[in-house]
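There are 4 protein chains.
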Amino acid sequence: MAGVLGVAVIGTGRMGADHVRRLHEVTSGARVAAVADVDAERVKRIADGIEGCSAHTDPAAAMAADGVDAVLIASPGPAHEAALLAAFEHDLPVLCEKPLTPGSASALRVLEAEQRLGHRRVQVGFMRRYDAEYVKLKSLLETGQLGRPLMLHNRHRNVATPPGFTSEMLINDSVVHEMDITRWLLGQEITAVTVLKPTPSGNAPEGLQDPQLVLFETAGGAVVDVEINVNCGFGYQVQAEVVCERGTARIGDGHSLVTNMAGRWGGTIAQDFTERFEDAYDRQMQAWVDATRRGEITGPSAWDGYATAAVCEAGVRAQQEGGRVEVELAKRPPFYA
Amino acid sequence: MAGVLGVAVIGTGRMGADHVRRLHEVTSGARVAAVADVDAERVKRIADGIEGCSAHTDPAAAMAADGVDAVLIASPGPAHEAALLAAFEHDLPVLCEKPLTPGSASALRVLEAEQRLGHRRVQVGFMRRYDAEYVKLKSLLETGQLGRPLMLHNRHRNVATPPGFTSEMLINDSVVHEMDITRWLLGQEITAVTVLKPTPSGNAPEGLQDPQLVLFETAGGAVVDVEINVNCGFGYQVQAEVVCERGTARIGDGHSLVTNMAGRWGGTIAQDFTERFEDAYDRQMQAWVDATRRGEITGPSAWDGYATAAVCEAGVRAQQEGGRVEVELAKRPPFYA
Amino acid sequence: MAGVLGVAVIGTGRMGADHVRRLHEVTSGARVAAVADVDAERVKRIADGIEGCSAHTDPAAAMAADGVDAVLIASPGPAHEAALLAAFEHDLPVLCEKPLTPGSASALRVLEAEQRLGHRRVQVGFMRRYDAEYVKLKSLLETGQLGRPLMLHNRHRNVATPPGFTSEMLINDSVVHEMDITRWLLGQEITAVTVLKPTPSGNAPEGLQDPQLVLFETAGGAVVDVEINVNCGFGYQVQAEVVCERGTARIGDGHSLVTNMAGRWGGTIAQDFTERFEDAYDRQMQAWVDATRRGEITGPSAWDGYATAAVCEAGVRAQQEGGRVEVELAKRPPFYA
Amino acid sequence: MAGVLGVAVIGTGRMGADHVRRLHEVTSGARVAAVADVDAERVKRIADGIEGCSAHTDPAAAMAADGVDAVLIASPGPAHEAALLAAFEHDLPVLCEKPLTPGSASALRVLEAEQRLGHRRVQVGFMRRYDAEYVKLKSLLETGQLGRPLMLHNRHRNVATPPGFTSEMLINDSVVHEMDITRWLLGQEITAVTVLKPTPSGNAPEGLQDPQLVLFETAGGAVVDVEINVNCGFGYQVQAEVVCERGTARIGDGHSLVTNMAGRWGGTIAQDFTERFEDAYDRQMQAWVDATRRGEITGPSAWDGYATAAVCEAGVRAQQEGGRVEVELAKRPPFYA
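Residue numbers (the UniProt record's numbering), protein chains in the order written: chain A, 1 to 337; chain B, 1 to 337; chain C, 1 to 337; chain D, 1 to 337.
These aren't lab readings, by the way, just hints derived from the structure by calculation. Predicted model only: the values in this text are computed from it and were never measured. Don't take every hint at face value.
No copy is singled out in the list; a pair is fine if it fits within one copy or between any two copies.
To be verified - 27 Å max Cα-Cα, derived BS3-like pairs, lysine-lysine:
| hint | residue 1 | residue 2 |
| --- | --- | --- |
| 1 | Lys-44 | Lys-138 |
| 2 | Lys-197 | Lys-331 |
| 3 | Lys-197 | Lys-138 |
Using the sequences provided together with the hints, build the complete structure.
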């Protein structure tokens, strides 16, 4: 594997700033090498907090900065086409927040430019494909044990919409996720769309037709429905149920993956502690590294190690001799308070 | 925050090798600076795969190596005391795999040495405290809305034991986790232990008394039961249910946290997409960085960006004009096959 | 309340015979007074098994028989209109299996005849309205706490269709239940229907378009979808989820009623043993009465009463004195083997 | 089957009055022939409401009354022994509310009297054996697919105790159910009892040690724990989980029966509409009979039959012709308002 990847982040609004934080504090093997934003003050403030990171107001300048190996585009959609073309000029790999561009005509131009480059450089930020539940669902479909997918039911619910949210955004910003997920899960293009509109909820802002039922037909003859419901009031919920020839599988209702198959509903049980506690091991390590870099100690102490050792000794005696065994514990030093 | 943390990993068996991988590929802000193992060949092979990592057969030499800021002890339990004392000599922060030491007498000696050092240096690897479900359970208890904990029911099930597993290990290696979790969740020391032993399962190896029901009493008057069942055959399960004065809360049965309170059972719903998809964003970034460092493109392509844009256009028309709208899609270039 | 209700059962095929059994063995306060069927032998065999029940091949004759107070129509659909008109002539209350009649024109004639009678006499056998889960769902909607219903999602799955099942029967025999449930739950008429047909499942018999997605619009502006999937292979499932302005409520997935409301998912907990065990009390009584009438004893014996009394005595001592108390039990007499 | 069973009900307090109602309104094939209670006024009022039912203050007189074929004892526990012996004198079958008698010495005397009678006459009212979930759990255990039971975990929770509830009653009135269920599910006698008592809940009345953890050992070497928690505040819950050699099975947490087996958790799906809707059919019939006897019509009307027929016609057209089909519905007559 090559050295640490230097990333230029284009756009430092809500999503961009969050990606900067992620690259800096969460991701292994990457660093933020440059940031660009039209807001010169904001971008400088961000760059100042990161060692070896330069600030720019011009995206192309950020891409040309020292140590930049790759580009992350998180600017507003209308700025994507220009940023993508600039990245192509520097022949840099790109992670581009969705949408690729707003509209299929501009997207086609990007496709053509990338093809002229002669090799693929773009990944689009459809992050649901990295969600553990969707990944499990796709893996199960790929085993073929459920047979061919016939239908896909989706629920997409938000607590409430921000000011200015329109019915078009309901499709372009929200249902777009189910479009990508449908294409990815089923491996088929979408061929037709129908929209049914109930009387709007009393919670929907004036003029917003919410909720809606959006229907897709796919090239392989599957039928897909999406409840898009962005002022549901009670929470954020994303659910999907694939109906196949020999069973169904659903995600998103609290359990990780629930199937109906051969007379039984339910899910799988982990077979190993690494499966169950892998995340806990990762989090423990990150927490220890973070605290240590800050010069702190935050986790279970040597006292905790001692106290469990004393309880183990009582436990083994209780196991071997029967009856109730009292635990003998030294007095806890204030040092470990 | 200081620079990247250089870690010396002591012991490169199963757990140690996994921690090396974790520090190298998953954790942000850390690197493996040195490794030590009695197996000189193994430790050299591991060090060779990591830039700037030195190999040692003596733990103390690893701790003294260039660039070492902290120590991770993953050697067998009987070697922990010496490794901890060596780390104290170098005044290095330590993450020590459980057990701190095998036995309370040696653990007490470590406590005393750390106190002589004058500041805390040791974190013990009770990683369940970093599990998202246990963390939620503890957070809920700390709000006080359930009242004081009265009982704690635990299930700890393994598919099968490895050869050589003894009844003592059932306490020292398995139930030790519930001992730590009990102390941490309730914030109370354990004062007495009782063990009940049903007729062993036919799946238990000859001589192993499995399963057992282990009971703790705590300093605050709570009663805790642990089903330890390490040849259950069907999977790995860790469940906990706290019974409090005004309700109960349980984790580990597939749902993340389920409560009984005020006439209702159930759980909370995420309020925001960041809560629901935070991990997906993190995994997307790590996958993109990893693939890019390997010179590959693995995620959703520009074609996916284009195709969803075309479906969005059909969707908005269907929404505005009613009826069924066909999607117009360019022919897919082999470049994106 | 009046005396025992004498019922004439018209039609003794699968449904009719089951209703005869139900009236005879399950229902309190009713008896089968007459049965009618075109199959003279079958109807005689059924009548012979029931004290005071006469056999007929003419429905009208059965309705005129001694002791008949009411009529249950379970003959094939095309025979319903004549049987209903005959019941009107005798001015008898009728429970008529669905469909009322096959087709809206004949149904309109029945409506007119009932109105000429001057009072209502007909109940149609839409039995889902008596399902405990649907009843709970409707009760919840009627409280108004979820707000106005916006959408209703339905799943209707059968393992496999019998020979001769057609696409029309999919609507007339299967989806008809969701039509009634939609009208009943929402209290609104259905105003339009759309049907989407995926490529049929490989499990569907040649010529049967299965599954389908059926969409209703209602007079109050709600949108309803029904997955009708009658060769799903894995089981019989009927699920419904109502999406309202302030939350959702669903039934049919194992739990009795699960809601999403105000940041929480889940259900209610019984508040009283009568709620939890009402059915057990009813079944205990029926089992005791049935066994006693057969001259048998089948339930928990006096020995069971004695043995629990002895365990209670040990339990109270253990509670009062602490420690482990052995149960003292007399030798079990062979009489109670 | 013999004629309708005439039952003498001894004791018409809360439980007795409820049994009278059940025999009168719910149970098929039985009638209340006599009632006895020390409260002459109450017993007369009850008898007056039931045709052919005589009122008594002496239990033996009720048993000797005309038309009595069997006895139901629902008087206070201390009166059970005398009532049972009186029933034996009349050689009548008895359903006796739990406890058989209060105490094992008196229970032994009843056993001896029944043995002298030469045939069994007594069924004890341990009604949990008739609960659908416990029945499924026992059926599953009897298939042997889970292997031998090793442990049984129970939760028994009440909202709050009535005034005067004592720690002894916790065992004798509450845990007695788990004693019976343990003996019945496992088919083994209980051999020893241990009780652990946490610091009482703040919700427990002064002097009541609540909750408690009660442990049973059985003749076959199983270990059983019972959380008895009768002031839990949030609801009435009865849960049981059997831990066997090859899997576990639990009831009482909302789903009907959930197992862990061979890498999967979950439950079974009904295979047939009769399994799913059997209760709905029974309730529909009882509701129709009850309403008809009152001279009322309460269920779906002929209008409902007509309206669904019209929707079916639109549905079949939509299915055959494609697109959206409007439903043509006659104007609803006020007669069906």
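Identify every previously stated hint that the structure contradicts and give their numbers, smallest first.
1
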